[in-house]
Amino acid sequence: MTFATTKKLAVLIAATAILAAACSSGNATTAPASQAPADSAAPAESMAAATCSGKTIKLGGLATLEGPFAVPGQEGFRGIEQALNDYAKVEGKEGWWLGDCEITLTKEGSDATPAVALEKAKKLIEQDDVDILIGPLSGDEGLAMKDYAKQVPDKTFVNGSSAAQDTTFRDPAPNFFRFSTDGAQWQAGLGKYAFDDKGYKKVALVAEDYSFPYTQVGGFMYEFCEAGGKVVQKNWVPLGTKDYSAVVSNLPTDVDAIYVALGGADAVNFFTQYQAAGGKAKFIGGSITVDQSVLATEGAFADSLVGTITASPTSDTATEPAWLEYVKNYKAQFPDGLPYPGLFALSYYNETVGVLKGLEAVNGDLSGDQKAFMEALAKVTFDGPTGPVSLDSNRQAISSNYVSEIQKGADGKLAAVVISKVDNIPQTLGLPADSPYLAQPVSRDFPDCP
Amino acid sequence: MSGMSSRMSGRAARRAGLPALGVALLVLYPLVLPLLFSANQARYWTLSIGSNSLILGVVALSLIFMSGYGGMVSLAQASLAGFAAYIVAIMNLLPSSTATGATIGFGWPPIPSAIVALILATLAGALVGAIASRSSGIYFLMLTLAIAVGFFYVVLQNYEFFGGHIGFAQILGPTGQPRANPIAFYYMCLAVAVFAYLGLRYLVRTQLGLTFQAVRDNPRRMRALGYRVSLHRIAIFAIGGFVAGLSGVLGVWYRGNISPGVVDLSRTIDVLIIAVIGGLGYPVGAFIGAVIFVILDVFASSVEVFGFSFDERFNTLIGLAFVVIVLVAPHGLVGLVDRGWKGTKRRLSSSRAPATAGEAAAGPAGDATEEGIPAPVDPIDQRDPGSTGIGNS
Chain A
7 MTFATTKKLA
17 VLIAATAILA
27 AACSSGNATT
37 APASQAPADS
47 AAPAESMAAA
57 TCSGKTIKLG
67 GLATLEGPFA
77 VPGQEGFRGI
87 EQALNDYAKV
97 EGKEGWWLGD
107 CEITLTKEGS
117 DATPAVALEK
127 AKKLIEQDDV
137 DILIGPLSGD
147 EGLAMKDYAK
157 QVPDKTFVNG
167 SSAAQDTTFR
177 DPAPNFFRFS
187 TDGAQWQAGL
197 GKYAFDDKGY
207 KKVALVAEDY
217 SFPYTQVGGF
227 MYEFCEAGGK
237 VVQKNWVPLG
247 TKDYSAVVSN
257 LPTDVDAIYV
267 ALGGADAVNF
277 FTQYQAAGGK
287 AKFIGGSITV
297 DQSVLATEGA
307 FADSLVGTIT
317 ASPTSDTATE
327 PAWLEYVKNY
337 KAQFPDGLPY
347 PGLFALSYYN
357 ETVGVLKGLE
367 AVNGDLSGDQ
377 KAFMEALAKV
387 TFDGPTGPVS
397 LDSNRQAISS
407 NYVSEIQKGA
417 DGKLAAVVIS
427 KVDNIPQTLG
437 LPADSPYLAQ
447 PVSRDFPDCP
Chain B
13 MSGMSSRMSG
23 RAARRAGLPA
33 LGVALLVLYP
43 LVLPLLFSAN
53 QARYWTLSIG
63 SNSLILGVVA
73 LSLIFMSGYG
83 GMVSLAQASL
93 AGFAAYIVAI
103 MNLLPSSTAT
113 GATIGFGWPP
123 IPSAIVALIL
133 ATLAGALVGA
143 IASRSSGIYF
153 LMLTLAIAVG
163 FFYVVLQNYE
173 FFGGHIGFAQ
183 ILGPTGQPRA
193 NPIAFYYMCL
203 AVAVFAYLGL
213 RYLVRTQLGL
223 TFQAVRDNPR
233 RMRALGYRVS
243 LHRIAIFAIG
253 GFVAGLSGVL
263 GVWYRGNISP
273 GVVDLSRTID
283 VLIIAVIGGL
293 GYPVGAFIGA
303 VIFVILDVFA
313 SSVEVFGFSF
323 DERFNTLIGL
333 AFVVIVLVAP
343 HGLVGLVDRG
353 WKGTKRRLSS
363 SRAPATAGEA
373 AAGPAGDATE
383 EGIPAPVDPI
393 DQRDPGSTGI
403 GNS
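Chains as they are written, first to last, in the working numbering: chain A, 7 to 456; chain B, 13 to 405.
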């Protein structure tokens with residue numbers, strides 16, 4: 007074989023990679039619904055009353071459109087668009103409006119790596135000159151975005167669904183706002199429920215190795231360790247792991263349950279391989295571990311998930327009127343969306359509603375390096391689909407959370423049934439400010455209660 | 013012979029003229045931008061388009077050098093760049109404890125950090141070469157790919173030295189925060205890119221460079237002549253590692269942070285794509301390819317065709333554009349222009365007078381001193397003992 011062949015091979019590999027990229031974005035895609043018919047969903051509350059005129063307010067949207075979170079990224083954009091459709095539609099006018107100011111949305115997609123997210127954010131802020139950036143989707147991206155926000159103090163950054171704790175908890179950026187709760191808040195109530203009601207005293211955990219699962223594990227362990235539970239083994243696996251055989255064989259058999267914080271395909275792979283290896287333990291699930299994308303997967307493991315407890319800011323089976331209204335609008339606007347809007351859609355939705363409320367409060371006035379707008383934004387409170395949303399002094403949301411249990415419905419399908427719901431959960435989960443649990447950032451080794 | 017020398021001098025003039033014009037345009041580029049755009053956009057075009065293209069161009073240049081003069085298409089170049097970036101971060105950061113409690117960081121200034129990084133990147137390149145250079149064809153590709161993927165998982169899961177998934181942040185170059193002084197940062201990138209480009213152009217004309225090409229063209233004969241073929245290939249790898257390292261150093265200063273995403277498989281393939289669309293045989297193609305890649309990557313999501321927005325399908329558009337480029341220009345865009353230009357020239361001269369013997373023998377493929385690098389020749393075709401001159405020169 008000569009080197010000429012090598013070169014041809016190289017060209018071939020490049021072409022294949024390109025095609026793969028083209029296909030992967032093709033099949034994860036559904037039609038945008040930016041021109042959703044105005045009559046399909048009655049606007050929850052029109053903002054035409056605001057006296058804004060003569061300006062265009064430019065929003066930038068950033069979510070992941072390739073890589074492991076491509077489908078959640080679609081959900082994120084649906085969340086932004088639904089909030090605009092619900093709150094900024096004016097009868098008889100195309101587009102979105104605040105008074106007489108048009109609101110535009112420029113979208114960019116990243117691949118869940120901080121480097122790409124930053125490049126795309128720079129493009130939106132510097133090249134497209136957006137006023138307000140909504141995003142990003144995943145934990146590490148959010149941490150990078152906070153650092154970038156500090157360099158651009160005259161623009162407003164609003165989180166997407168990124169849920170790492172330290173995006174707002176330590177060393178926050180004054181112009182970064184998060185109207186969605188973080189990964190620890192998403193686990194509120196779970197640790198206590200596992201210990202008190204389920205009687206789990208000893209658990210092992212399997213989680214992806216990056217900032218979001220650290221935060222989820224932290225939120226669970228704050229309560230579980232405080233109640234007296236033990237986490238005897240921690241297995242951190244890289245995002246996108248396909249082979250869990252080493253992890254499965256390493257799991258202790260004398261634990262009451264296994265806490266699993268894996269997302270999407272990672273979760274499906276783990277559950278399948280755990281069951282195939284004869285594992286019998288009960289599961290405790292992270293917020294994206296047993297959502298509809300996993301539950302709807304046909305697989306022999308499905309029955310083993312019955313009885314799994316989980317906690318999340320959304321629940322498929324919630325019955326509050328505001329939630330039902332939100333789901334109805336989602337289904338009307340996105341016929342090709344998921345069966346239920348998940349936490350990614352809800353997070354982006356709440357962020358965007360927060361932005362629109364803030365804009366309304368200042369009548370769309372973004373002058374003076376947006377100082378007045380940011381002040382108003384920090385004070386915004388509203389009733390979201392799942393309950394009241396307000397911000398703390400770090401501009402981090404205080405909001406609601408559900409604890410649910412996976413049960414088999416009458417139709418044979420698995421669904422998360424609500425056990426309890428708590429409103430107004432702060433980022434500390436109610437721990438005192440000097441609690442040893444809050445003394446260190448969450449990480450692979452902290453908190454710890456072996 | 014006189015026709016030959018006039019051809020050479022014309023060529024020399026063109027050789028000096030075109031790059032000089034190119035460099036002049038690149039020097040003027042950031043100064044012209046504020047006249048065309050707002051301050052924010054000018055900064056964006058200086059940094060995210062200009063500097064970023066130069067940084068990606070340098071790493072693609074290292075691949076093109078190795079493929080053109082060594083006949084080795086290495087998939088490890090993005091990893092070598094990333095390795096240099098990690099070393100800069102580790103040398104530059106103040107001593108601090110990582111997630112596992114280990115202490116890392118030396119607090120060196122940027123330039124000494126970069127020098128250490130370049131030395132280590134060169135050694136790492138040689139090491140990769142020592143592992144990979146004895147194989148060829150698909151085995152060579154797979155070996156370098158394995159090294160690239162392996163390195164990604166090492167930095168992803170190693171917390172003691174590489175900071176794990178989060179990597180290192182707040183790394184500043186000698187020009188400080190790029191946003192604060194975009195033009196200085198751009199000129200630094202430009203200087204490094206010109207240095208790498210001219211350095212490699214010079215190198216391939218030296219005896220060592222000619223030996224590299226001879227090793228590429230006919231390793232069996234070179235071995236018979238007493239050259240140590242593997243050692244030459246390792247040397248090519250070391251040089252490739254150094255050039256990739258330059259790109260890595262600039263890259264970490266540009267981003268201000270380093271995390272495993274910078275050395276993942278997509279980035280590895282990005283370098284290959286840049287080299288292929290520019291033209292694997294043309295050093296200048298690295299930069300042309302990088303500019304096209306960056307522009308496509310940035311603006312694909314803003315394209316609207318007949319009211320159909322590509323904002324959520326930008327990858328489809330990028331993919332289609334690359335497929336078209338690879339189909340239309342299998343030798344890259346520079347190759348397309350170069351071959352088109354030579355074809356026109358040959359048609360013109362053959363219509364006036366029959367081709368001279370020298371021209372016919374040199375042909376487009378044997379024209380090693382031109383911009384283009386001749387396609388590697390199969391050793392079987394070159395058994396004619398009369399053409400051994402290059403080995404002993």
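Calculated from the structure, these hints are not laboratory results.
Here a beta-carbon is modelled for each residue, glycine too, at the ideal position from N, C-alpha and C.
A couple of the hints might just be wrong.
Just the calculated beta-carbon pair ranges, DEER-fashion [as the list claims (entries may be wrong)]: (1) B:Ser108 to A:Val274: 49 to 57 Å; (2) A:Val274 to B:Pro46: 50 to 58 Å; (3) A:Asp177 to B:Asn170: 51 to 59 Å; (4) B:Leu184 to A:Ser399: 40 to 48 Å; (5) B:Gly238 to A:Lys240: 54 to 62 Å; (6) A:Asp177 to B:Pro46: 16 to 24 Å; (7) B:Leu184 to A:Gly313: 36 to 44 Å; (8) B:Gly352 to A:Lys156: 31 to 39 Å; (9) B:Gly352 to A:Asp106: 52 to 60 Å; (10) A:Phe388 to B:Tyr165: 24 to 32 Å; (11) B:Leu339 to A:Asn430: 42 to 50 Å.
Stretches of chain B that chain A covers, calculated by requiring three or more beta carbons in the stretch to come under 8 Å of a beta carbon on chain A [claimed, not checked]: (12) 195 to 204; (13) 217 to 227; (14) 345 to 355.
Residues from chain B shown here face chain A by an in silico Cβ test under 8 Å; the list is partial [as the list claims (entries may be wrong)]: (15) Ala158; (16) Ile178; (17) Arg267; (18) Ser313.
Evaluated hints:
1. Checked against the given bound of 49 to 57 Å, the beta carbons of Ser108 (chain B) and Val274 (chain A), roughly 38 Å apart, lie outside it.
2. The hint said 50 to 58 Å for the Cβ distance between Val274 (chain A) and Pro46 (chain B), and at roughly 52 Å that hint holds.
3. Look at Asp177 (chain A) against Asn170 (chain B): about 25 Å separates their beta carbons, and that is not inside 51 to 59 Å.
4. A C-beta distance of roughly 30 Å is found between Leu184 (chain B) and Ser399 (chain A), which places it outside the suggested range of 40 to 48 Å.
5. Taken as a hint, the range 54 to 62 Å holds for the pair Gly238 (chain B) and Lys240 (chain A), whose Cβ atoms sit roughly 59 Å apart.
6. About 34 Å separates the C-beta atoms of Asp177 (chain A) and Pro46 (chain B), a value inconsistent with the hinted range of 16 to 24 Å.
7. Roughly 53 Å separates the CB atoms of Leu184 (chain B) and Gly313 (chain A), a value that falls outside the hinted 36 to 44 Å.
8. About 50 Å separates the C-beta atoms of Gly352 (chain B) and Lys156 (chain A), a value inconsistent with the hinted range of 31 to 39 Å.
9. For Gly352 (chain B) and Asp106 (chain A), the Cβ-Cβ distance of about 54 Å falls inside the hinted range of 52 to 60 Å, so the restraint holds.
10. Restraint check, Phe388 (chain A) to Tyr165 (chain B): a C-beta distance of roughly 44 Å breaks the suggested window 24 to 32 Å.
11. Checked against the hint of 42 to 50 Å, the C-beta distance between Leu339 (chain B) and Asn430 (chain A) comes to roughly 59 Å, which is inconsistent with it.
12. Check result for the segment 195 to 204 of chain B against chain A: violated, 0 residues qualifying (beta carbon to beta carbon below 8 Å, three or more required).
13. Closer than 8 Å: that is the beta-carbon criterion, and the segment 217 to 227 of chain B has 0 residues meeting it against chain A, so the requirement of 3 is violated.
14. Counting residues of the segment 345 to 355 of chain B whose beta carbon lies closer than 8 Å to any beta carbon of chain A gives 0, which falls below the threshold of three, so the coverage claim is violated.
15. For Ala158 (chain B), the shortest C-beta to C-beta distance to chain A is roughly 14 Å, which exceeds 8 Å, and the interface hint is violated.
16. Using the Cβ-Cβ criterion of 8 Å, the hint placing Ile178 (chain B) at the interface with chain A is satisfied: the shortest such distance is roughly 6 Å.
17. Of the supplied interface hints, the one on Arg267 (chain B) holds, with its beta-carbon coming within about 6 Å of a beta-carbon of chain A, less than 8 Å.
18. Because the smallest distance between the Cβ of Ser313 (chain B) and any Cβ of chain A comes to about 6 Å, under 8 Å, the interface hint for this residue holds.
In summary, the numbered hints that this structure violates are 1, 3, 4, 6, 7, 8, 10, 11, 12, 13, 14 and 15.
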